[in-house]
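A.B. asks: Whenever a hint applies, use it, and build me the whole structure from the sequences.
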Amino acid sequence: MPSAPLSSLAASFQALKTDLYQKDFLLTWEHSTEQLEAVLTLAEIFKQLHRAGTSFRAFDAGLAISIFRDNSTRTRFSFASAASALGFTLSELDEQKSQVAHGETVRETANMISFLAEVIGIRDDMYLGAGNAYMREVGEALSDGAARGVRHRRPSLINLQCDVDHPTQTLADLAWLREHFGGLEQLRGKKIAMTWAYSPSYGKPLSVPQGVIGLMTRFGMEVRLAHPEGYGLIPEVMELAGRNAGAAGGRFQVMGSMEEAFEGADIVYPKSWAPFHVMQRRTELLKNGDREGLKELEKVCLANNARYRNWECDRRKMDLTAGKAALYMHCLPADITGVSCEAGEVSAEVFEQARIPTYHEASYKPFVISALMFLTRVKDPAARLGEILARRKPLG
Amino acid sequence: MPSAPLSSLAASFQALKTDLYQKDFLLTWEHSTEQLEAVLTLAEIFKQLHRAGTSFRAFDAGLAISIFRDNSTRTRFSFASAASALGFTLSELDEQKSQVAHGETVRETANMISFLAEVIGIRDDMYLGAGNAYMREVGEALSDGAARGVRHRRPSLINLQCDVDHPTQTLADLAWLREHFGGLEQLRGKKIAMTWAYSPSYGKPLSVPQGVIGLMTRFGMEVRLAHPEGYGLIPEVMELAGRNAGAAGGRFQVMGSMEEAFEGADIVYPKSWAPFHVMQRRTELLKNGDREGLKELEKVCLANNARYRNWECDRRKMDLTAGKAALYMHCLPADITGVSCEAGEVSAEVFEQARIPTYHEASYKPFVISALMFLTRVKDPAARLGEILARRKPLG
Amino acid sequence: MPSAPLSSLAASFQALKTDLYQKDFLLTWEHSTEQLEAVLTLAEIFKQLHRAGTSFRAFDAGLAISIFRDNSTRTRFSFASAASALGFTLSELDEQKSQVAHGETVRETANMISFLAEVIGIRDDMYLGAGNAYMREVGEALSDGAARGVRHRRPSLINLQCDVDHPTQTLADLAWLREHFGGLEQLRGKKIAMTWAYSPSYGKPLSVPQGVIGLMTRFGMEVRLAHPEGYGLIPEVMELAGRNAGAAGGRFQVMGSMEEAFEGADIVYPKSWAPFHVMQRRTELLKNGDREGLKELEKVCLANNARYRNWECDRRKMDLTAGKAALYMHCLPADITGVSCEAGEVSAEVFEQARIPTYHEASYKPFVISALMFLTRVKDPAARLGEILARRKPLG
Numbered sequence: 001m002p003s004a005p006l007s008s009l010a011a012s013f014q015a016l017k018t019d020l021y022q023k024d025f026l027l028t029w030e031h032s033t034e035q036l037e038a039v040l041t042l043a044e045i046f047k048q049l050h051r052a053g054t055s056f057r058a059f060d061a062g063l064a065i066s067i068f069r070d071n072s073t074r075t076r077f078s079f080a081s082a083a084s085a086l087g088f089t090l091s092e093l094d095e096q097k098s099q100v101a102h103g104e105t106v107r108e109t110a111n112m113i114s115f116l117a118e119v120i121g122i123r124d125d126m127y128l129g130a131g132n133a134y135m136r137e138v139g140e141a142l143s144d145g146a147a148r149g150v151r152h153r154r155p156s157l158i159n160l161q162c163d164v165d166h167p168t169q170t171l172a173d174l175a176w177l178r179e180h181f182g183g184l185e186q187l188r189g190k191k192i193a194m195t196w197a198y199s200p201s202y203g204k205p206l207s208v209p210q211g212v213i214g215l216m217t218r219f220g221m222e223v224r225l226a227h228p229e230g231y232g233l234i235p236e237v238m239e240l241a242g243r244n245a246g247a248a249g250g251r252f253q254v255m256g257s258m259e260e261a262f263e264g265a266d267i268v269y270p271k272s273w274a275p276f277h278v279m280q281r282r283t284e285l286l287k288n289g290d291r292e293g294l295k296e297l298e299k300v301c302l303a304n305n306a307r308y309r310n311w312e313c314d315r316r317k318m319d320l321t322a323g324k325a326a327l328y329m330h331c332l333p334a335d336i337t338g339v340s341c342e343a344g345e346v347s348a349e350v351f352e353q354a355r356i357p358t359y360h361e362a363s364y365k366p367f368v369i370s371a372l373m374f375l376t377r378v379k380d381p382a383a384r385l386g387e388i389l390a391r392r393k394p395l396g
Numbered sequence: 001m002p003s004a005p006l007s008s009l010a011a012s013f014q015a016l017k018t019d020l021y022q023k024d025f026l027l028t029w030e031h032s033t034e035q036l037e038a039v040l041t042l043a044e045i046f047k048q049l050h051r052a053g054t055s056f057r058a059f060d061a062g063l064a065i066s067i068f069r070d071n072s073t074r075t076r077f078s079f080a081s082a083a084s085a086l087g088f089t090l091s092e093l094d095e096q097k098s099q100v101a102h103g104e105t106v107r108e109t110a111n112m113i114s115f116l117a118e119v120i121g122i123r124d125d126m127y128l129g130a131g132n133a134y135m136r137e138v139g140e141a142l143s144d145g146a147a148r149g150v151r152h153r154r155p156s157l158i159n160l161q162c163d164v165d166h167p168t169q170t171l172a173d174l175a176w177l178r179e180h181f182g183g184l185e186q187l188r189g190k191k192i193a194m195t196w197a198y199s200p201s202y203g204k205p206l207s208v209p210q211g212v213i214g215l216m217t218r219f220g221m222e223v224r225l226a227h228p229e230g231y232g233l234i235p236e237v238m239e240l241a242g243r244n245a246g247a248a249g250g251r252f253q254v255m256g257s258m259e260e261a262f263e264g265a266d267i268v269y270p271k272s273w274a275p276f277h278v279m280q281r282r283t284e285l286l287k288n289g290d291r292e293g294l295k296e297l298e299k300v301c302l303a304n305n306a307r308y309r310n311w312e313c314d315r316r317k318m319d320l321t322a323g324k325a326a327l328y329m330h331c332l333p334a335d336i337t338g339v340s341c342e343a344g345e346v347s348a349e350v351f352e353q354a355r356i357p358t359y360h361e362a363s364y365k366p367f368v369i370s371a372l373m374f375l376t377r378v379k380d381p382a383a384r385l386g387e388i389l390a391r392r393k394p395l396g
Numbered sequence: 001m002p003s004a005p006l007s008s009l010a011a012s013f014q015a016l017k018t019d020l021y022q023k024d025f026l027l028t029w030e031h032s033t034e035q036l037e038a039v040l041t042l043a044e045i046f047k048q049l050h051r052a053g054t055s056f057r058a059f060d061a062g063l064a065i066s067i068f069r070d071n072s073t074r075t076r077f078s079f080a081s082a083a084s085a086l087g088f089t090l091s092e093l094d095e096q097k098s099q100v101a102h103g104e105t106v107r108e109t110a111n112m113i114s115f116l117a118e119v120i121g122i123r124d125d126m127y128l129g130a131g132n133a134y135m136r137e138v139g140e141a142l143s144d145g146a147a148r149g150v151r152h153r154r155p156s157l158i159n160l161q162c163d164v165d166h167p168t169q170t171l172a173d174l175a176w177l178r179e180h181f182g183g184l185e186q187l188r189g190k191k192i193a194m195t196w197a198y199s200p201s202y203g204k205p206l207s208v209p210q211g212v213i214g215l216m217t218r219f220g221m222e223v224r225l226a227h228p229e230g231y232g233l234i235p236e237v238m239e240l241a242g243r244n245a246g247a248a249g250g251r252f253q254v255m256g257s258m259e260e261a262f263e264g265a266d267i268v269y270p271k272s273w274a275p276f277h278v279m280q281r282r283t284e285l286l287k288n289g290d291r292e293g294l295k296e297l298e299k300v301c302l303a304n305n306a307r308y309r310n311w312e313c314d315r316r317k318m319d320l321t322a323g324k325a326a327l328y329m330h331c332l333p334a335d336i337t338g339v340s341c342e343a344g345e346v347s348a349e350v351f352e353q354a355r356i357p358t359y360h361e362a363s364y365k366p367f368v369i370s371a372l373m374f375l376t377r378v379k380d381p382a383a384r385l386g387e388i389l390a391r392r393k394p395l396g
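If you read the protein sequences in the order shown, they are chains A, B and C.
For the first sequence, counting from 1, position 168 maps to 168 in this note's numbering; every step adds exactly one.
For the second sequence, counting from 1, position 234 maps to 234 in this note's numbering; every step adds exactly one.
For the third sequence, counting from 1, position 144 maps to 144 in this note's numbering; every step adds exactly one.
The set of hints was computed from the structure by calculation and includes no laboratory data.
Check each hint, because a few of them may be wrong.
You can't tell identical chains apart in this list, so a pair holds if it fits in one copy or across any two.
Unchecked claim - Here are the simulated DSSO-like cross-link-like pairs (lysine-lysine), alpha carbons at most 30 Å apart as the crow flies: (1) K299 x K287; (2) K17 x K204; (3) K204 x K23; (4) K287 x K204; (5) K379 x K17; (6) K23 x K295; (7) K23 x K393.
C.D. replies: Right under this line is the structure:
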């Protein structure tokens, strides 16, 4: 269905009361539904402005710093794109090239790099119990620096994936669902199957499935989580998903097979992740630098994974979904059977049919990050957006 | 001779009919002579604006992504300079830091990184038969993404050196010849000797000699290609050079010695490259990761190179050229005998005399890339240039 | 004490006669006190503008290139921040990714990367006798290129730390002293103890203590340098400090113990560095790639350092200072006993009390570098600042 026209989106946005100014954005569930709606609506507005070749640049200067403690392509370029669109200078903290390793504390580094920073985006998803905690440590250091007058402007943190949540991904997912189904209200009652899927690798973060069940349960959807025994998520997030579903009038169910979760589903999100207890063990081993232990763990885990090779999203399973045509979602890159690996999360046939929709899904991330930057850094977003719409400055 | 004044250059530019908007620039011979003239004229205009401290910034935001699959200094900074001058945010795809290696397809990566990109510059010159093909694969993926509505703006590709051509280098070379000789029409009948030269390294790309014979033959020059037996170029480019010369009323000759090629030459371009068949063999070995094979090949090649140590551009050979004073050209860095190596492409004496002219030659590259970015991304370049000239905005 | 209001700072700045346009900034003592005052005043103005959310962007385009031949965090981000604030595009020369290693001369590289550059910042502090010399070699190459018409705009060099001086650090130090004590004239007669301190590492550059004694002696301060026997600085800088003190009506004394230097001091700056002769020996070994020699030297040096573990800035020594409350300074990161190492330059107690003041000290560096960029690149800084103050453009 076609997106709403720009004027109607702008009116919707201006009717919302935003409160993200000068805040961090670390977990979707720390922010009200109204704030999430503001992010989605603004992201859609920015997307339409970009389509029309109109600039939504809002800053004259300032650093957008990224700290990637794990590899990234999509999120890295989405962050860079958002920084460029808003007028920030991109600056990456490469911990190898800095003196950070030499015993410098997070508290100090956070303050030292960011005197003229507006936003800091962090990916830290390797260590269970540590990634989100690291972001909060940085945030506290920045607040401390601000409180003590060291800095005049405290930059906002944006979580670019941690051990708990991957908010820029799941908000892009939600933005795509909103467009695809024609509005957030259309999502009410929709069945979404967030399921584990087989992959010939181990140690994939839990942040996407956790982020999805933590977010989608807030919009009245029927959220089904399915995984083999032993592949559970962080218990607190499971509880949160249940509470969310209750409050929003939806459902949150845990199931034991991909087939069951796919039955009548409107949306499927089959994706591999590591068992919670494996991530805990892995975190310990990584912290101790225990290479032998890591190799042994990998071997055991791959062997364990291999017992669930049938957790592949194939045509037969897709045929169980609503109208045999559920919307397939993935944060990409997917492990595609016979393409990127011998056996993986999804069959080549299913993926190829769903490929372009997954690109649409991904296309929202730069605009979601742009919206988060705008809302956390601009004092009166509604007024400022009004100016941007009025000036109609071409991109080039 | 002094350059034409800005107003006359602007008039020349506005008289040309450009058609590069939203196109890729991968090989000079895929574009008409009129388009090349537009690039050269605009590059000269930008150079004069920069000299006068006038900004030619044309964009408010957008990424200029570079993908360097081989080392680069000059081209890297030329690309960065052009991006800065036009208002783009520089963003480099570092394949080591991304998830590209993990089985992700070119098709997917190309789309994922570039939702807000305006240009993508690629250097991929290591594999014969692969570099240019890779660029086209990226281009097709972007076109596919655009056709399917995944993206609203399809970025333009700029070839920053491949296995076939090095268009930003050869256009900078041509811009310099144009300035040096006082106009493109003055190049008619000029003798240019593109010759192999000895170097104590092997595996240098063929793109510069190929690019030079493919480009200079289009302007009525007498192009002489000289190399030792076995150091031939890609046959298709040789044929193209012959056809070009026929069509433009010039000549294309292949010779067997530097001396013969230098005889009466107005311009000399002595530069090492690897034999075509060696590059083919090397490509195979690189693809197979055959280290022993590569070492063995290097040994054989260096021994073979060593038979042609007398292919050095020295004073004695320069004395054979027109007025003993041909214009010496090089894409830099040159292998200079007694300076950067024991024995190399050029004697220290000849290079030192020619050094500053080679810097002039190099100085065009940022402006050539600026012109390519402008022409491929601005819908009505003549009108837009008019605005830039009228506003006379200072750089700082 | 509160800073002077913006209008009074602007008046002070406009009363100064600046002469840094198109110059390099390599050593503080190559520039008059009036120029240093201009830098400090402008840095303070920029800091106040930033606090008020006002942009001081002055450029539409142009590269700010950084060359870091040693690790850096603070200075790297300060340079990036200044580039962003002024409107430059950040571009880092990574010597590993370039062709620089392949025998290319400094003369050539300097010209090749900087056709559209406005500033080049260099850190080269590893080799005694080489870092500052390298900067001058780059500078001469750029001047040569400009003189010969290769470039229209010669970028300015900014020393981001060399073997002799660390001017952006010491000017930030001085800016902080100026704010802390309420004006440069208030520094007259103040006692500053620049002392060696123990660290469990060796090979730390001499540039900070040298920069401090070379700069602070110019403002009528009583500068005390203290270090164990054998840890002397470059003799020429020692002589310079003595001459400066004489000319400015202050004092420069060399002492043999931290206690003596701290006695009644208003300011203390305890920091480790390597003995001059060790840096000389290390430079030789590094140049020869003598790994065994370097290991041996490190062993001997650490053993030698260990004899001076009592050179720690602890509470007992702080109690010797004026009012037991000297201002503690450090360029950071400090080696803190029991925090970043077993035994280090400063006790945890003293550092924790001084931590926030050292952050204030550091906060000046981005603004000092901004001021240096502005003064070296803007033809009429007073007029231009007037425009910036008048336009009051918000940052975002």
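A.B. asks: If a hint holds in the structure, say so; if it does not, say that too.
C.D. replies: Hints versus structure:
1. K299 x K287: both (19 Å within a copy, 29 Å between copies)
2. K17 x K204: neither (37 Å within a copy, 53 Å between copies)
3. K204 x K23: Classified as within: same-chain Cα gap 29 Å, cross-chain 39 Å, threshold 30 Å.
4. K287 x K204: both (17 Å within a copy, 29 Å between copies)
5. K379 x K17: within (12 Å within a copy, 39 Å between copies)
6. K23 x K295: neither (41 Å within a copy, 49 Å between copies)
7. K23 x K393: both (28 Å within a copy, 24 Å between copies)
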